[in-house]
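Enquirer: Required output: the full structure, derived from the provided sequences and hints.
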Amino acid sequence: MSLAAQLRVKRGDLSLELELSVDPGRTLALVGPNGAGKSTALGAIAGLVPNEGTVRVGDRVLDELPVEQRRVGCVFQDYLLFPHLTVLENVAFGPRATGMPRSAARQAASDWLARLDLAALAQRRPAQLSGGQAQRVALARALATDPEVLLLDEPLAALDVEIRADVRAELATHLADYAGLTIVVTHSLADVTALALDVIVLERGRATQRGSLAELTAAPATPYVERLTRPAPVG
Amino acid sequence: MRRPLVLAALAAVALTGCAAVPEPAPTNEGTVAGTVTVFAAASLTESFQAIADAFTAEHPNVQVTFNFGGSSGLATQIVEGAPADVFAAASPATMTTVTDAGLATDPADFATNTLEIAVPTDNPGGVTGLADFANPDLAIALCAAEVPCGAAAAKALDAAGIVASVDTYEQDVRAVLTKIELGEVDAGLVYRTDVLAAGAKVKGIEFPEASGAIARYPIAALTASANPDSAAAFAAFVLSDAGQRILQKAGFGAP
Amino acid sequence: MRRSFLTPALWIPAGLAIALLGLPLVALIVRAPWAQLPELLSRSEVLQALGLSLGTASIATVVSLALGIPLALVLARSADWPAVPRRLLRALVTVPLVLPPVVGGVALLLLLGRRGLIGQFLPFQIPFSTTAVVIAQVFVAMPFLVLAVESAVRASDRRFETAAATLGATRWTILRRVTLPLVAPGVSAGALLCFTRALGEFGATITFAGSFPGVTQTLPIATYLELQRDPDAAIALSLTLMVVSVAVLVTLRDRWVPGLTS
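Chains as they are written, first to last, in the working numbering: chain A, 5 to 239; chain B, 4 to 258; chain C, 2 to 263.
It is worth saying that the hints were derived from the structure and are not from the lab. Do not take every clue at face value.
[As the list claims (entries may be wrong)] Derived, one-sided and incomplete: chain A residues facing chain C with beta-carbon distance under 8 Å:
1) Glu72
2) Gly77
3) Phe97
4) Thr102
5) Thr149
6) Tyr182
7) Thr226
8) Tyr228
[Unchecked claim] Derived SDA-like pairs: lysine to any residue, alpha-carbon spacing no greater than 25 Å straight-line:
9) B:Lys204 with C:Pro232
10) A:Lys14 with C:Arg159
11) B:Lys204 with C:Arg115
Ideal Cβ positions, reconstructed from N, Cα and C, are used throughout, including at glycine.
Expert: Written out as structure tokens, the structure is:
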């Protein structure tokens, strides 16, 4: 089962035209400068933004389905944990909303918290979490709904620079355990290196280069790709 | 101190009234000037405005300003120090509030008012007399017992030995009339002057028991008045033939 | 510690405002006939009016919540409507706030009275009933709730609803488990304003519902009528009304809000 999407979105100044496909176990990174349409592309797949193209997962066509029936999980840039619910309740929200009985949903949530090493935080409120903890809770919340597709929008951008490397490494292990289809939006080379095998460079709504990171580094197609893949100057 | 002045003014008007001289020459015209502020019961609104017109025609140097409202409220305002020169109340009881506070002496009754049954013009309840007020199928409005029209209504019903089947006790006579005009109630007890003022929108029905509950309206110039001569002259004018004619045209009875 | 940038000069107008709001109440308290207060307040007609007021204001608040929260949500989401219906709806919600309540009462009579637009077809009579008291209170008090909830909805982050949808929640679940809990402080503030406004309602009630002890004579109406006969007793009754309102505001506020604001 894989994801195949044709995205055609007009939103204000932005005109997005993008074809992409994701296979299991091969996380796709969407990179590009601000305003290129990366988040819009995720929104179109999740059903949050009207898409004139088509999105398929295996033989399921998502276009006619409302957001809540698409089985597309999202980790948002600032996580959007529900402030009025505890960590456990946040993670149990998805299972509950899809009809699981209360106690089963709480059990499932506890299991996910344990897997992501969050069991000790179950009764905290989101306001009492560090950035890295909040990110893991957001991941647990998305995975608890058993999504076929997982979308991560700049999952490390809200974190302090000092902790980013550790959180990134953890995220990489968790994503490796996840059997579904993953797309991560980022504009950081380090994220791409750690998390993704395939890359699409998006500039002004169009794909300007596709391939592996090595291919991009070897032959950057645009000045943006060249700047992105150039090794950071030391000192 | 001021009492002789009031009496003098009363006498002057009374004399000229009796003599029926068309253009009387008041004795102290020089001091009848400035502004007279009259606190008067709401039911006097139309007739007192007409009286003020006639009064200022006679005394061109005077200006009359009014504060119309419920008598009890006006009495409270006067006791609390409102700048009033004359008080015309719809009941002796409210006037007593002011005289007890030492703010007026010797009030004189200047009009009476009689209760009438008021019904919507098409009289949907087929009301013919006070006895119909006992019919529980009719919607009936009375004034609340706390206000003069309510006290009078209770007195009239008591005298007739009728236990009314009341749906609402309204805060004043105008509120009763509104309910009748809108057809929300089948009958209410209001004053004859209110029926006349409401015109074609309500129909009045006289009833004999009303004679037991006639409302008396007293007037007094206030002792704290800044303009005592003009105040006395206005009070006297209300009691004069000219004032009385205007009041009777509006449906008030002679004192 | 956050530093306050309040300039001392603001204390002058603020102090005047406090005086304007507070001193009349002080006067009421000073002039209250304390000696006869126990006797006055134990009169059965006073207790009856107080009970009727508390009961009708509670029902009016529940009705306002049931109807007003949906209206507030519609109003908050009307931003993408055409200008004319959007402004008309907003004006409609605001009208009861500026309309003299007595006029509101007349309008209700013209609609629901015996000869009213709708009332003439009803098999039962609404005016002069306790139902009419509740309707009048809802008419006057619901806008307070609607506006409070609407501003809370506008101020809340709608992306939480998006997040809930991606977790599989239907619109109904989102409303119940995300939108409403997030605006709960606004709802409780609005409900309190609504309740206290309903408790003090006079003009629309006496015009539409009339005044009959035990049925439609609420405490404000009893107070007004008492003012005609015995101002001292009226002061005592207004004091009761004030104490009840203040008590409700103070106790409920502490009880409802914690846990929602953290």
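Enquirer: Hints first: check each against the structure and report whether it holds.
Expert: Hint check results:
Hint on Glu72 (chain A) holds. Least Cβ distance to chain C is approximately 5 Å, under the 8 Å limit. A cut of 8 Å between beta carbons decides the hint on Gly77 (chain A): the least distance to chain C is about 6 Å, and the hint holds. Because the beta carbon of Phe97 (chain A) sits about 6 Å from the nearest beta carbon in chain C, less than 8 Å, this interface hint is met. The beta carbon of Thr102 (chain A) is positioned within 8 Å of a beta carbon in chain C (closest approach about 4 Å), and the interface hint is therefore held.
Taking 8 Å as the C-beta cut-off, the interface hint given for Thr149 (chain A) holds, the closest approach to chain C being about 5 Å. Violation of the interface hint for Tyr182 (chain A) is found here, the shortest Cβ-Cβ separation to chain C being roughly 16 Å, above the 8 Å cut-off. The closest approach between the C-beta of Thr226 (chain A) and any C-beta of chain C is roughly 32 Å, which is over the 8 Å cut-off, so the hint fails. The interface hint given for Tyr228 (chain A) is violated, since its Cβ lies 28 Å from the closest Cβ of chain C, which is over the 8 Å cut-off.
As the CA atoms of Lys204 (chain B) and Pro232 (chain C) are separated by approximately 35 Å, the hinted pair breaks the 25 Å bound. Proposed proximity of Lys14 (chain A) and Arg159 (chain C) is supported: the alpha carbons are some 22 Å apart, at most 25 Å. Between the alpha carbons of Lys204 (chain B) and Arg115 (chain C) the distance comes to roughly 16 Å, so the proposed pair stays at or under 25 Å and holds.
Hint compliance for this structure: hints 6, 7, 8, 9 are broken, all remaining hints hold.
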